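A.B. asks: Fit chain V to the known structure of chain W by using the hints.
Each protein sequence line maps, in turn, to chains W and V.
So that you can map any letter, position 585 of the first sequence is 585 in this note's numbering, and since no number is skipped, the others follow by simple counting.
So that you can map any letter, position 116 of the second sequence is 116 in this note's numbering, and since no number is skipped, the others follow by simple counting.
The set of hints was computed from the structure by calculation and includes no laboratory data.
Quick caveat, the model's predicted, so the values are computed rather than measured.
One should not assume that every hint holds.
As the list claims (entries may be wrong) - Beta-carbon label-pair distances, calculated as ranges:
hint, chain 1, residue 1, chain 2, residue 2, range
1, V, Leu-151, W, Thr-242, 52 to 60 Å
2, W, Pro-571, V, Ala-66, 48 to 56 Å
3, V, Ser-14, W, Pro-194, 54 to 62 Å
4, W, Lys-303, V, Gly-67, 34 to 42 Å
5, W, Gly-256, V, Ala-66, 18 to 26 Å
6, V, Ala-87, W, Gln-159, 47 to 55 Å
Claimed, not checked - Residues of chain V placed beyond 12 Å of chain W at every Cβ, according to the derived structure:
hint, residue
7, Arg-26
8, Gly-52
9, Arg-114
Every residue gets a Cβ at the ideal spot worked out from N, C-alpha and C, and that includes glycine.
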Amino acid sequence: MSTNPFTTRREFLKGSAATTGALVIGFTLPVSSRFAQAAAAAEPGQATGFAPNAFLRIAPDGQVTVICGLSEMGQGVHMGIASLVAEELDADWKSVKLEQAPVDKAYNNPLFGMQATGGSTAIRGHYEPMRKAGAAAREMLVAAAAGNWGVDAAACRTQDGRVMGPDGKSAGYGELVAAASKLPVPQNPGLKDPKDFRILGKGLTRIDTPAKVDGSAGFGIDVKVPGLLTAVMVHAPVPGATIVSVDDAAAKAIPGVRRVVQIPQGVAVLADGYWTALKGRDALVVKWNDGALGSLSSAGISKLLTDATTRPGAVARNEGDVSVAVAKTIEAVYEAPYLAHACMEPMNCTAWVRAGAAEVWAPTQGPGPHQGIIAQLTGLAPEQVQVHTTYLGGGFGRRFAPDFVIASTLLSKAAGVPVKLVYTREDDMRAWFYRPASVTRFTAGLDAAGNPVSLTARVASPALSIAAGFATELPKGIDEAAVEGIADMLYAFPNLRVEYARAEPGIPPWFWRSVGHSQNVYFIEAFIDEIAAAAGKDPVEFRRSLLARQPRLRGVLDLAAQKAGWGSPLPQGVHRGVAITNCFGSFVAQVAEVSMNANGKPRVQRIVAAVDCGRTVNPDVIHRQVEGAVVFGLSAALHEKITVRNGRVEQSNFNDYPMLRMDEMPRVEVHIVPSTEAPGGIGEPGLPPATPAVINAIFAATGKRVRTLPI
Amino acid sequence: MISLSLNGKTVQLSATPDTPLLWALRDELGYTGTKFGCGISACGACTVHVDGKPVRACVTALEAVAGKQVTTIEAMGSNRIGQALQAAWIRNDVPQCGYCQSGQIMSAAALLARNPKPNDIDIDEAMRRNLCRCGTYNRIRAAIKDAAATLGA
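Here chain V stands alone, though its shape is the one from the complex:
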């Protein structure tokens, strides 16, 4: 059994240690907000936070996060940055199909946690690994700035 902290609660997982965190979250714990897109860390749909840093859950083995703090989209409504981002995402009507948006918000949350006032280049750098096939990039950019403004107010 591998133990870790998921969204502030300790959980025990019986999946094999090589199981990617993504599939442990989705299949064993039923946390399906984190999405599968590519399996090779190329699209960002599975982005979660491990000890506050954005990581790709599809290539992060369970054994590598034993004892660590894992945060998923499901917890974003209960922290200040997550709330601001979700509200900005709604105000700016960002999602289309919505499949990539959990990962987008997780990447954006990590960005705002270390850089409360990101400029366009900061946003490009933080978000360029998150694909969106519906093409919501400009809305994401606007929503990140919107959330940053809310948080700074």
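In isolation and in its complexed conformation, chain W is listed as follows:
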């Protein structure tokens, strides 16, 4: 197996049925999405593309190529998509390779209505369509063989890339492609009974691993194009800042600096390589008008958000009457900071804008919408814009943003040569794409027996759907991302009210791994623990009592508690905390074991996670995604915070934006609940419970509640 993220559309077409006699199968995927309208708005005149829409190709030599329109950013999507197709095709797994798709509507993510990867949607959106693509090809190959042999197709079976017929007849798929190509594509092919799966649920080794251990995997930053110049740019220090003056004399005097180009996003130095471009960039003297946000500070933002929670907000959920009389009231205010994605590969993009065509190589989560944006910037039709999606050195939502694509396109357009724009780590850290800061005020009421009676949550946060361009106004005043994890919680409070108090400090918020759940599950799961403590109940038992009608969520809670030995003695100084979540179609519970160091800092010893994500495509990938999400959550809990002073981000690099390292790693165990439910997402659901599980263990250890992060 191999992958080649640099296959171009021309090569793709060359390799298609028209010229090689290979079998090409395509379907148009159904589009149904809350984001579909927004996507359409973002992609005016989006290409109708080439026909047929293809997801797999079988060559006369039997080589099976699965074509994947989703971006591989570490989550294992190449493996997942290839597995789905190969399973129903009954392919010989050793003959399957993966090819990154060009931009085409055929590859739109069915859950987004555009060609984009995120929101833990890949398997949820493609589980059936990709299996059907494989199954249709299998039916055609069987029909071709049956026709050749003059036997009934029902008398034939398939295995490992071959059709077997009566009397020992056998033919490899490659031998059958010419005949199969002449047959109609079945539109509703039969799918396997899951008990017959040989690939799905088995945990085969990922197909992208070999290229990622020998340095050969092609990331965006590795792209080479003849005549390429590397650009490093002075970016706006404050959101909305404008350039007043540029002195580029010193930069231009540096040998190897070719051009200085000013675009609305900043001033770039174009040079023969990164180092020269960086020296040139650092020699630029750019004066900025900070604009309205030049006095923005973290203290002011915190006050703005906290104040907003004291005023009524839009009602996101209202059941019963939270003004009922209670015997005991518990109140708390929780706050989460802005966070950077800090992908290991800094943002970069290579663009080549020519007369009548543009070609862009980008580590992007949104090749579809980005193609539309490039078309707008260049005045080209979308079909004149090729976007090559490379491997992504981390994504986490950051690479859905188009800033690096826009800037590199404008630079190439201005300079007339291919330009690779590379963000320094500092540029990347200060690019104004952050998980939003958020404050939530909770009030809960208990009756005299300690039973929970009411819960009120008021969330103050900026509106992500508006910042991302998915909406221009909020339906009923609610931003889904701001309240998700709280408004859709499954705990059965007889009286429940969730409000959203929109507050816009001016820093544009962005999607971060698990989006609103990343802070809201921390808030609610820590506060649920406070209610349990006030009620004198065990944290696991208290949660169970509120989840009587939620078997899947209670199921993971019970499994995590059992595997962690909840209630059993721990070594001296080690304490447990628990937290749960339902998000992205999956259910996760985690138990954290934490001890406190002499300096009062927590040491996370062990995380036990239980996951119900429906049917599994690859258990190994699920384990790793949950492990990785736990690390992401712990890193945020223990270390991460973006702060602002005078409109400028104070952090710059990994020295002042620390992240979790090897020597802080706890043991992480992941237990998967066997399930026949539809597949849920897995890239994100493992993240939200990690922080509150640790916070709740710290309470068990110290009696103190951590209501702001990092700890």
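C.D. replies: Only chain V this time, still in chain W's reference frame:
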């Protein structure tokens, strides 16, 4: 021109002497397996070996490695420790996005070269300067032990 030995072959570089080894490797020689992560020796993505020792190529000036033996991820498949590590990385399915893994393997190779049977504390000490945002640390730890066991067998 600065001359050095890269993966066993002598190469001449025309980059200015202050150019970090990382960018000479990537931009002038096309050795892109060594990655740029931070530029300040804070993440380990650019780890290479100079005369067998792990160094951060992003803060190592070309002039400082003139005449020295530089080894990059591209050569790891042709030495015993590198092969064992790559095989263990594949067996343990370590990489997610994969961007940091060249640096991880280079740090791990330097560790195994001086300590064939590292314990957890040795691994922490050798690997704590290599960041992985995908959170593959436990897999890296398992793969290092796996490779050590293979090499000791």
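A.B. asks: The structure should be examined with respect to each hint, and the outcome stated for every one.
C.D. replies: Hint by hint, here is what the structure shows:
As the Cβ distance of Leu-151 of chain V to Thr-242 of chain W is approximately 59 Å, the hint placing it in 52 to 60 Å holds. Taking 48 to 56 Å as the suggested C-beta distance range, the pair Pro-571 of chain W and Ala-66 of chain V conforms, at roughly 54 Å. The given range of 54 to 62 Å is respected by Ser-14 of chain V and Pro-194 of chain W, whose C-beta atoms sit roughly 60 Å from each other. In this structure, Lys-303 of chain W and Gly-67 of chain V break the distance hint of 34 to 42 Å, their C-beta atoms being roughly 59 Å apart.
Range check, Gly-256 of chain W to Ala-66 of chain V: about 20 Å between beta-carbon atoms, so the 18 to 26 Å window is met. In this structure the supplied range 47 to 55 Å is violated for Ala-87 of chain V paired with Gln-159 of chain W, their Cβ-Cβ distance being about 29 Å. With a least beta-carbon separation of about 7 Å from chain W, Arg-26 of chain V fails to lie farther than 12 Å from that chain, contradicting its non-interface assignment. No Cβ of chain W approaches the Cβ of Gly-52 of chain V within 12 Å, the least distance being about 19 Å, so the stated non-interface status holds.
With a cut of 12 Å on Cβ distances, Arg-114 of chain V stays outside the contact zone with chain W, its closest approach being about 18 Å.
In terms of the numbered hints stated before, the structure departs from hints 4, 6, 7, listed from lowest to highest.
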